[in-house]
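Protein chains: 2
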Amino acid sequence: MAMQNKARLPCTSSFLVLLWLLRPALGVPDPAQREQLMLQEASMQTGGRMTLTVAEQKLDARLHRLKEQEMNNIPFPPAVHFFKAKPLIQQSEVFKLLHRMPKGGALHIHSMSLVSVDWLVKNVTYRPHCYICFTWDNSVRFVFSERQPFPRWDCFYWQLLQTLRDRTGDPHAFDLSLVQQLTLFTDDPEGKYPNQDVVWEKFEKSFIAAAGLISHAPVLRDYLYQGLEELHQDNIQYLELRSGLSRTYELDGSIHDKLWTLRTFQQVSNKFKLDHPEFFGARIIISVHRALGVSEVKAAVKEAIELQREFPEVVAGFDLVGREDSGRSLWYFREALSLPAELGVTLPFFFHAGETDDEGTDVDQNILDALLFNTTRIGHGFALPHHPIAKELSRRRNVAVELCPISNQVLRLVSDLRNHPAATLMSEGHPLVISSDDPSLFGSSGLSYDFYQAFVGIGGLRANLGTLKELVLNSIRFSSLSAQQKETSQKMWQKKWDVFISACS
Amino acid sequence: MAMQNKARLPCTSSFLVLLWLLRPALGVPDPAQREQLMLQEASMQTGGRMTLTVAEQKLDARLHRLKEQEMNNIPFPPAVHFFKAKPLIQQSEVFKLLHRMPKGGALHIHSMSLVSVDWLVKNVTYRPHCYICFTWDNSVRFVFSERQPFPRWDCFYWQLLQTLRDRTGDPHAFDLSLVQQLTLFTDDPEGKYPNQDVVWEKFEKSFIAAAGLISHAPVLRDYLYQGLEELHQDNIQYLELRSGLSRTYELDGSIHDKLWTLRTFQQVSNKFKLDHPEFFGARIIISVHRALGVSEVKAAVKEAIELQREFPEVVAGFDLVGREDSGRSLWYFREALSLPAELGVTLPFFFHAGETDDEGTDVDQNILDALLFNTTRIGHGFALPHHPIAKELSRRRNVAVELCPISNQVLRLVSDLRNHPAATLMSEGHPLVISSDDPSLFGSSGLSYDFYQAFVGIGGLRANLGTLKELVLNSIRFSSLSAQQKETSQKMWQKKWDVFISACS
Ligand SMILES: [Zn+2]
Ligand SMILES: [Zn+2]
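Heads up: the protein sequence lines correspond to chains A and B, in order. The numbering of the first sequence is the UniProt record's numbering, which starts it at 1 and goes up by one. The numbering of the second sequence is the UniProt record's numbering, which starts it at 1 and goes up by one.
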């Protein structure tokens with residue numbers, strides 16, 4: 001199969017020859033030589049050496065025309081905040097094509113933010129026995145219970161949600177207020193979230209609010225199925241889900257352990273595959289919060305090793321989650337993260353690293369450390385282009401960066417996505433995959449919105465159908481699937497791709 | 001002298017050896033090896049291989065401590081718009097040190113925006129015979145005239161400025177309104193300038209407003225002297241000024257030609273050097289607007305060749321100015337720009353190129369074309385990191401990028417300066433100099449504010465005194481001075497540097 005390392009370095013001999021050829025002509029450029037340099041540069045970008053069929057070339061030309069039109073739009077969607085850009089993107093012809101495109105795998109999505117909040121509100125909060133409580137800091141908590149729940153330290157007064165909704169007299173407005181509790185959406189994102197600290201605070205609040213709903217055992221089962229359904233609707237064929245495997249609870253207050261969650265995930269994804277034979281499957285990257293101590297992370301690593309041994313088809317590996325800038329660095333956890341290698345076992349790592357604007361800090365070293373701990377992919381890698389050694393290591397070892405443009409914008413790492421550092425990575429053909437991190441919290445879904453931002457905003461007019469094809473193929477190539485599974489998956493994907501091309505070109 | 005090419009490529013053999021050494025250790029990183037990689041990466045950044053004296057090391061440690069404190073500030077000045085950041089920066093201890101630092105040359109400043117607007121308003125508009133007129137589009141025009149000026153197509157009613165000021169009864173408020181006409185300053189930059197088109201419109205309006213004042217012959221003479229004085233106050237020793245050599249007028253309406261302007265510039269800078277023996281001098285880069293046609297630019301190139309032959313000490317070379325995104329590309333002017341090479345003469349080019357967010361457009365090719373036309377430096381080069389071939393060419397040929405952070409932010413190419421693409425260039429030790437483009441329009445002055453943004457924002461915690469020293473040395477190394485002049489200038493600079501170090505360390 002054609003999945004070898006195709007690293008294309010700027011210092012290959014052909015490049016040196018080109019430079020040499022160029023020397024005497026400088027001053028009065030020869031149009032042919034200029035053309036050759038432009039082609040050379042274009043060939044270095046993601047997908048730049050992809051050979052396209054005639055039908056693909058036709059679609060490529062169409063995409064280029066559509067993109068040219070969209071680049072004249074004011075406001076230009078990738079240049080403004082996603083909350084304002086979303087309705088514009090929905091009308092985009094490029095977006096509609098990206099939505100229809102079979103996108104392979106979603107490799108960086110968190111379990112707490114997999115399913116649209118609309119579904120949570122319209123389906124889950126309408127179920128019986130759902131209680132709600134308002135905290136002193138303007139947040140909410142939910143719990144399902146067969147009797148009145150006990151007061152908790154953060155929640156004294158629980159009300160039956162349905163009773164409250166009826167009493168308000170305006171269920172629509174009430175549901176909208178719930179949506180606002182569970183997402184970051186606002187009409188004034190720059191005003192309401194003036195900096196990263198504020199937006200991260202609201203971000204974590206929303207997670208806590210959703211937890212009460214999602215960790216109810218019967219809900220979790222439906223939630224996971226609905227999540228796969230939404231990905232499938234967005235023409236995605238595979239999922240690697242970051243999950244803490246939180247414990248779940250029943251109506252009578254009894255608790256299921258992590259194993260139950262893992263088994264449920266396995267059952268649901270098997271069921272989904274049966275119902276949708278063209279879906280490749282779903283795996284879990286076990287994730288623990290970087291606020292924990294070293295010994296707790298050590299225990300989590302040990303547990304992940306065991307769970308992987310027991311559920312090799314489901315468990316893909318391990319990650320640390322939570323905001324890097326205010327959390328503990330990978331190096332802080334080095335004792336825990338060295339365990340697998342010391343024990344002589346494999347536990348693939350999929351570390352979040354470099355999700356920061358703060359160059360030269362300890363946190364900024366996470367990128368190098370992720371690579372030293374032999375990470376399989378890098379979550380975000382926002383800071384990677386500022387780290388030439390780490391970038392070279394990542395490229396040579398084919399450690400793909402999971403690029404989540406909308407997440408980076410909403411969490412205020414960058415405002416105009418044309419300034420996203422991945423523009424440099426794309427221009428160099430660095431191994432990349434596109435993902436959506438926390439789609440439901442950002443009000444996006446699946447991968448289409450993030451593909452739009454990567455393709456139109458970060459890639460600019462230069463990114464083409466070859467770029468898209470390579471990004472999609474990368475999501476299979478850099479997945480945690482076995483070589484054999486990758487081959488099968490790619491074949492299944494190719495069939496869908498061919499249908500897409502012939503329908504759209 | 002020590003001004004050879006010290007290009008440090010990521011693909012040197014030592015780097016390969018390092019990678020090789022690293023391989024077997026991955027998984028359980030060896031702290032010593034990790035340290036070595038971090039040092040290796042740090043050594044690649046701008047100034048990373050600079051050897052510091054003991055006193056310099058002391059100041060470096062002090063700078064690092066101060067910077068660490070400032071990085072915890074909310075708001076963090078480089079992350080917010082300069083109009084809001086300016087008062088914060090003025091209080092910064094790092095800024096105060098940068099202000100005192102001898103900064104070498106300012107290589108990218110436009111003549112129309114050299115002198116603080118305060119001086120224009122408080123000095124120039126208080127001179128006798130100054131008339132003002134308000135246009136239909138809320139802009140102003142000025143003219144000095146011994147009698148009532150004639151109505152013009154854009155200005156029907158001229159009033160004697162002093163009479164008007166007296167009549168308003170509030171000269172302070174009146175002067176403030178003039179300042180607002182002549183700069184981009186506003187309390188609400190994001191609201192007032194929602195996109196690049198709007199801010200460029202105001203930008204060009206302010207230029208036209210200032211022109212009436214500056215192109216009055218007696219004012220121009222004082223203006224240039226005052227400009228050099230302000231640079232000198234900011235501890236700058238040298239200037240390369242982009243100027244259109246506009247014609248000037250006398251009180252009786254008589255006109256001086258370009259030659260007069262050039263001679264005046266020469267006289268003023270010679271006078272300034274006499275008054276300030278530690279100042280190296282000033283040169284002109286003749287600049288014409290990219291809105292002109294090919295034949296006009298051809299004529300301008302020919303004229304620049306002649307002027308350079310006649311005034312070799314003053315004329316450094318040639319450039320095209322005006323907004324790239326809405327203007328004509330370098331390739332459009334290829335016939336004109338090939339002239340010098342075809343005629344077998346040298347006319348150094350200092351092209352603005354890549355001052356754009358729009359990847360893959362014709363304008364975006366300006367960077368490669370600037371290099372193909374053998375440019376001596378690149379103005380802005382904002383898009384350079386997205387062009388691997390052009391970047392490599394620029395690096396290997398020592399074509400320095402003139403980095404003007406505040407300009408890029410105010411003109412809305414990037415909002416948070418930590419996302420400035422030059423962060424990548426700095427991390428790789430790409431040839432760079434710092435400049436301020438249009439300081440008076442942005443409300444900055446000299447180079448200190450831009451050095452602050454480059455050092456604290458773009459460079460992050462990692463940039464150090466070695467970075468600053470290399471950036472300053474670059475401003476001599478990559479200037480248009482002769483080898484001999486560079487040597488002399490560097491010696492003069494070194495003396496000032498030593499005084500600075502011993503006073504501040
Ligand atoms: Zn994430
Ligand atoms: Zn400029």
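Do not take every clue at face value.
Copies of one chain are not kept apart here, so a pair can be met inside one copy or by any two copies together.
[What the hints assert, rightly or not] 30 Å max Cα-Cα, derived DSBU-like pairs, lysine-lysine:
hint: 1; residue 1: K273; residue 2: K96
hint: 2; residue 1: K273; residue 2: K298
hint: 3; residue 1: K205; residue 2: K496
hint: 4; residue 1: K491; residue 2: K202
hint: 5; residue 1: K84; residue 2: K496
hint: 6; residue 1: K192; residue 2: K258
hint: 7; residue 1: K202; residue 2: K192
hint: 8; residue 1: K58; residue 2: K302
hint: 9; residue 1: K84; residue 2: K202
hint: 10; residue 1: K58; residue 2: K122
hint: 11; residue 1: K271; residue 2: K84
hint: 12; residue 1: K86; residue 2: K192
hint: 13; residue 1: K486; residue 2: K202
hint: 14; residue 1: K192; residue 2: K298
hint: 15; residue 1: K302; residue 2: K491
hint: 16; residue 1: K86; residue 2: K486
hint: 17; residue 1: K271; residue 2: K298
hint: 18; residue 1: K84; residue 2: K192
hint: 19; residue 1: K273; residue 2: K202
hint: 20; residue 1: K122; residue 2: K496
hint: 21; residue 1: K205; residue 2: K273
hint: 22; residue 1: K302; residue 2: K496
Read the hints as simulated data drawn from the structure, not as lab findings.
Going down the list of hints, with the structure as the test:
Taking the shortest alpha-carbon separations for K273 and K96, only the intra-copy value of 26 Å comes in at or below 30 Å, while the best inter-copy value is 64 Å. Within a single copy, K273 and K298 get their C-alpha atoms no closer than 34 Å, and across copies no closer than 68 Å, so neither meets the 30 Å cut-off. In the homo-oligomer, the alpha carbons of K205 and K496 never lie at most 30 Å apart, since the shortest distance is 39 Å inside one protomer and 54 Å across protomers. Proximity of K491 to K202 under the C-alpha cut-off of 30 Å is found in neither arrangement, the shortest distances being 42 Å within a copy and 56 Å between copies.
Proximity of K84 to K496 under the C-alpha cut-off of 30 Å is found in neither arrangement, the shortest distances being 32 Å within a copy and 52 Å between copies. Neither within a single protomer nor between protomers do K192 and K258 lie at most 30 Å apart by alpha-carbon distance, with minima of 37 Å and 53 Å respectively. When the C-alpha separation of K202 and K192 is checked against a cutoff of 30 Å, the pair qualifies both within a copy, at 10 Å, and between copies, at 28 Å. Proximity of K58 and K302 under a CA criterion of 30 Å is satisfied in neither setting, with 52 Å inside one chain copy and 46 Å between copies.
In this assembly of identical chains, K84 and K202 lie within 30 Å of each other by CA distance both inside one copy and across copies; the values are 19 Å within and 25 Å between. For a Cα distance limit of 30 Å, the shortest separation of K58 from K122 qualifies neither inside one copy, at 42 Å, nor across copies, at 63 Å. Within a single copy, K271 and K84 get their C-alpha atoms no closer than 37 Å, and across copies no closer than 56 Å, so neither meets the 30 Å cut-off. In this assembly of identical chains, the alpha carbons of K86 and K192 lie at most 30 Å apart whether taken from the same copy (18 Å) or from different copies (23 Å).
Taking CA atoms no more than 30 Å apart as the test, K486 paired with K202 passes in neither setting, with 38 Å inside one copy and 55 Å between copies. Taking the closest pair of Cα atoms, K192 and K298 never come within 30 Å of each other, the shortest separation being 38 Å inside a single copy and 53 Å across copies. When the C-alpha separation of K302 and K491 is checked against a cutoff of 30 Å, the pair qualifies neither within a copy, at 36 Å, nor between copies, at 62 Å. Taking the shortest Cα distances, K86 and K486 never come within 30 Å of each other, neither inside one copy (33 Å) nor across copies (54 Å).
In this homomeric assembly, K271 and K298 never come within 30 Å of each other (Cα to Cα): the closest approach is 33 Å inside a single copy and 72 Å across copies. In the homo-oligomer, the alpha carbons of K84 and K192 lie at most 30 Å apart both inside one protomer (14 Å) and across protomers (18 Å), since each shortest distance falls under that limit. Within a single copy, K273 and K202 get their C-alpha atoms no closer than 35 Å, and across copies no closer than 58 Å, so neither meets the 30 Å cut-off. In this assembly of identical chains, the alpha carbons of K122 and K496 never lie at most 30 Å apart, being 32 Å within a copy and 71 Å across copies at closest.
Taking CA atoms no more than 30 Å apart as the test, K205 paired with K273 passes in neither setting, with 33 Å inside one copy and 63 Å between copies. In this assembly of identical chains, K302 and K496 lie within 30 Å of each other by CA distance neither inside one copy nor across copies; the values are 40 Å within and 60 Å between.
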